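K.L.:
Chain by chain, the residues run as shown.
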Amino acid sequence: MATSTSPVPAKALKEWHTPESRTEVIHELIHGVDRYNPSNLSFMEEYLQSQVTNSEYDLLANLAVLKLYQFNPQLSNPDVIIMILTKSLAATVHGPDFNLCLALLREPSAILHDIESEDDTLIAVMPFLENLHELVRSCQFTKFWSEFNGSSDAANALHSNQNYFPAYKGLVPELRAQFASSIAASFRRVRVSQLARWLDLPAAEVPAWAKEAGWEIDGDVAVVPANGDNDVKAGVVKENVELKQLTKLVAAAAY
Amino acid sequence: MADPTAFYEPEEDELLSSLAVPQYGGEGGYDEESYHRIQELEQNAYAQQLAAAEQEQAQALEQVPEDVKRFLVLFHQAILENDLPAITNMYESGWNKLTQAHYQQAEWPEAELIAPLVQNDQVFLTLYRELYFRHVYARLQPTIDDRFQSYENICELFNYLLNSDGPVPLDLPIQWLWDMLDEFVYQFQSFAQWRANPKNKSEDELDMLAEASQIWSCYSVLNVLYSLVQKSQINEQLRAEKEGKSAEEVADIAGQYGSKPLYRNLGYFSLICLLRVHVLLGDPTLALQTMENVELGGGAFLTRITACHVTTYYHVGCAYMALGRWPDAIKTFVSVLIFFLRMKQYHTRSYQYGSISKQSERMYALLAICTTLSPGPSDDSIMTIVKEHYGDQLTTLQRGGDEALEVFKELFLQACPKYLSVNPPPYEDTEALQTWMSNPPPDAVQRHLELFLSDVLAIRGVSNVRNLLKLYTSIDAAKLAAFLDTSASGADAEEDVLQQLMVLKAASRTYGKSQNDGSLLDGDRIVTNNLDFRIDGAMVHVEETTSHRRYAGFFIRNAEHAQRVFNTIHSSPLPSQRRQGAAADKEGKQDEKKTERKPQAWAPKSRQVRVAA
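Just so you know, the protein sequences line up as chains D and B, in that order.
So in my numbering, the last spot in the first sequence is 695, and the numbers never skip.
So in my numbering, the last spot in the second sequence is 654, and the numbers never skip.
In isolation and in its complexed conformation, chain D is listed as follows (with noise of 0.2 Å):
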C-alpha cells in the first residue's frame, strides 16, 4: 500500500489474501480453530492497530475479528468496527473488502445495544462510511473528497475523535494510492488540474506527488508509465491447437 512505488492495480490475489506483514502466529490463529476463541481478541486488536501505524492491510484477520464479535456480540468495539471498515475502505477502489466487511456486521443500533453503550457515533458513521464507499467504487473521487471533508456530524466525529482518522495517518496517501491506481488503470496522460481534483491536492503540489508515484510531469499533464492496462492494443485471438489435443488422432494415425 506504499506510495513509493508506482500505483497500479494488484495482478494477483495472494498479497490480498496473504499479506506478507503477516506474522505466522496470525496466520495460525486465523486458519486454525482458535480464531473462535474470544481471549484472543485483544490480541487480534492489536494486530489491527499495527496494520493502522504500519500502513499494512490484512483483510482476512480484520475480518476474524468480526467473526468474534458476531458470535460474541457482548464483546463487540465500535471503534475497532470504525477502524476496520476505514481501512477496507483505504485499501481498494472496486474490491469486496468493505462489503465482506458488511456482511459480519448488524445494524449499528443492534450492535450498540448488545454492548449498552449510550455512545451513538457508530449510528451516524456507519451509513457515513457506506457512502463514502459507494463513491470509491463508482469512481466520483472528487464527490468523494467533499463528502471526506465534509461538515456533516460523521465526518466531524471521525476527523475530531483521537481514536478515528487522526489515529490513522497513512489513511489520506492509502486514499490517494489507490484511487491513483485505478486512474493509471485507464489513462496514458492525465491533466494535472483533472489530477488534482481527484486526488484533492493543490495543482502545485501534484508535480511532488507524481514524482513520489513514478509519474512524469509534461506541461499540463501527467504521463503514467504504461502498466498493461492503460496501454492495451486492438488485438486478434488466433485459435492455438496443442499437441495433446491430437493424441486420439495421431495415435488413431498410426495404424
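Derived by calculation from the structure, the hints in this document are not laboratory data.
Careful, some of the hints might be misleading.
Computed footprint of chain D on chain B, listed as stretches where at least three residues anywhere in the stretch have a Cβ under 8 Å from a Cβ of chain D [what the hints assert, rightly or not]:
{"#": "1", "stretch": "136-145"}
{"#": "2", "stretch": "314-327"}
{"#": "3", "stretch": "492-499"}
Listed below are several chain D residues computed to face chain B (Cβ distance under 8 Å; list not exhaustive) [stated by the list, open to error]:
{"#": "4", "residue": "Asn477"}
{"#": "5", "residue": "Tyr604"}
{"#": "6", "residue": "Val677"}
Computed from a predicted model, the values in this text were never measured in an experiment.
All C-beta atoms, glycine included, are put in the ideal place defined by N, C-alpha and C.
Once you have looked at the hints, place chain B on chain D.
P.N.:
What follows is chain B alone, placed relative to chain D:
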C-alpha cells in the same frame, strides 16, 4: 457439542431408562421390605405402571408391519457386521421402499418401540433416530420437540464417534455419511430460519426457545464440524496426498482415527459442510479458505456423490459471486451443470433427484445474473438452457434500468443461499423480544440482497458506455458526455464521463483462478471483455480485440467421432459371413453374434455423451 456426557457409557444409565426399569422395578420392590409400607406400595404402583407401559409398548410393537420388523433386524445385523454392501442396499433402497409402502404420511415407529428388536443396541437406535428424524423433516412438518430431539440425537451420535475410547468399530457407506452431515447442516439451517421469526409461535415454544439457547446454535454446529475435521486430521491428510506422499506416510499422518474410512470420510464431508455454513453466515473468504486443501477437479472424491458435488460447487460459486469474481462463479456453475446434465439419465430415480435438480435450477438463475454482470463467452449448451428458462428475465437484465434491478432482486432471492443470522431474537428477555418484534431488523437474506444490489448498482452504467464506445475508434470525452445523459454540464460532465470510464475499466477486469495451482482464494488479474480502451488526456481510444472463430475443437471432435464409427463398423461381422453362419450352425453362430454385437451396443451410448458435451 451440547453436553459431552459419553454416549456409550450410558449402557449403565440405560438400565434405568424406560424399557429396562420394569424388570428391575419388581425386584426392587421385593428387596425393600424394610422400608415403610407406603413407600413399598408406591414402588409397586410405579412398577405396575411401568409394566403396563411396557405392555402397551409391546402391543404397539405388534402393530408395526412384519416387513418393517424384518428389515430392522436385518439392518441391525448388517451394521453390526459392518457389511457395507448390505448396508448400502438397505439404506438406499430398503428404507425408501418401506417408507413408500407404510410411512408416506406418518413417522416411522419410535426408536424406543423397536428397541427390543435390536437388543436395545444404542448405537443402532441412534442411527435409526437419525433416519427417523430425517424422514420427519423430509415428509412431515417437524414440531419443536422433533427439532430438539433430533439435535440431541445427532449430538449423541457425534459424541459416540468423537469421545469414545479410540475409534469406534463402525463403518458406514459414504452416501450415508454425506447425507448425515448434509442433513445436520440442513436441520441447523431450518431451525435457525424458524427461530429467526418469533411471530406465530406458541407460549410453549417461546419458553423452550428462551431456555435452550444452545440447541442448534452456530457454535455447537461449528464445533461438531471442526471436531470431525481435527479428529480425522483430514487437512493434514489431503496436504500430504497433494505432496505425493506414499499411502503409508499418509496413514501415519492420519493417525488412529483418520486412517479409518469412517473418520476420514466424515472429516472430508465436514470440510464441505463448513464451506456451506460459512457461506450461510456471510463469510465467503473463510468458506473458500476452508476448502484450501480440497481438490475440486474432475476426479475429486467429492464427485463420487452427486448431491455433494452439486452442493460444493453451488456454494463455491456463491462465494465467488460475493467476491465479485463473476467469471470464476460462472465457470464453477457451468462445470457442475454440465456434469449434472450428463448424469441426469442415471439419476432420475434417485430419491435425492428432486433436491439436486432444484439446486441446479438455482444455478441457472445465478448464471443469468453472472453472465449479465460479466458478459463473455461461456458454454453454449448451458447458456441455451439459461435462455430457455430465463429468456424474458435475461432480456430485461441486459436492457438495464430499474426494471433490471427488480429482476436482479427476484432472481437473487430465488436462487441465493438461505443466509442466516448468527444471533437469534432475544427470546430470553420478554421485554426485549417485544421491542424486537415491533421493529424487527432486516433479516440475513435481506441484508445480503442489499449488498448484492450495491454491487449491481456500482456498475449499472457500464453496459451503456460500452455500447457507445463500440461505435468509435476514438472519441473525445466531452462528445461522449453529450451522448450519455449526465445531469452535470461542461467540465463537470466531462469529469463524470471520465469517472464512468474508470468504472468500465474496472468492470472489464477481475481476478480469475488460474488453471494449474493455487487455492480457491488465489487469482490473477484477467481481462473479461473484448472491448477495451485507453485515455489520453480527454481523448478515448477504443481498442477491440477480435477473436477468430475456433474450428479445431469442432474438427477434432468430429474426426474422433468418425474414427469411433469406423471402429464400430470395422469390428462388426460382415453381413455375408452371418448369412453363411446361419445356414451352417444356427445356435453356435447366434452366440457369437451376441458377443460380437456388444461393442455395437456400446458405441451409440458414448456418442450420446459426446453430443451432450
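K.L.:
Any hints from earlier that this structure breaks? Give me their numbers in increasing order, please.
P.N.:
Violated hints (numbers, rising): 1, 4 and 5; every other hint is consistent with the structure.
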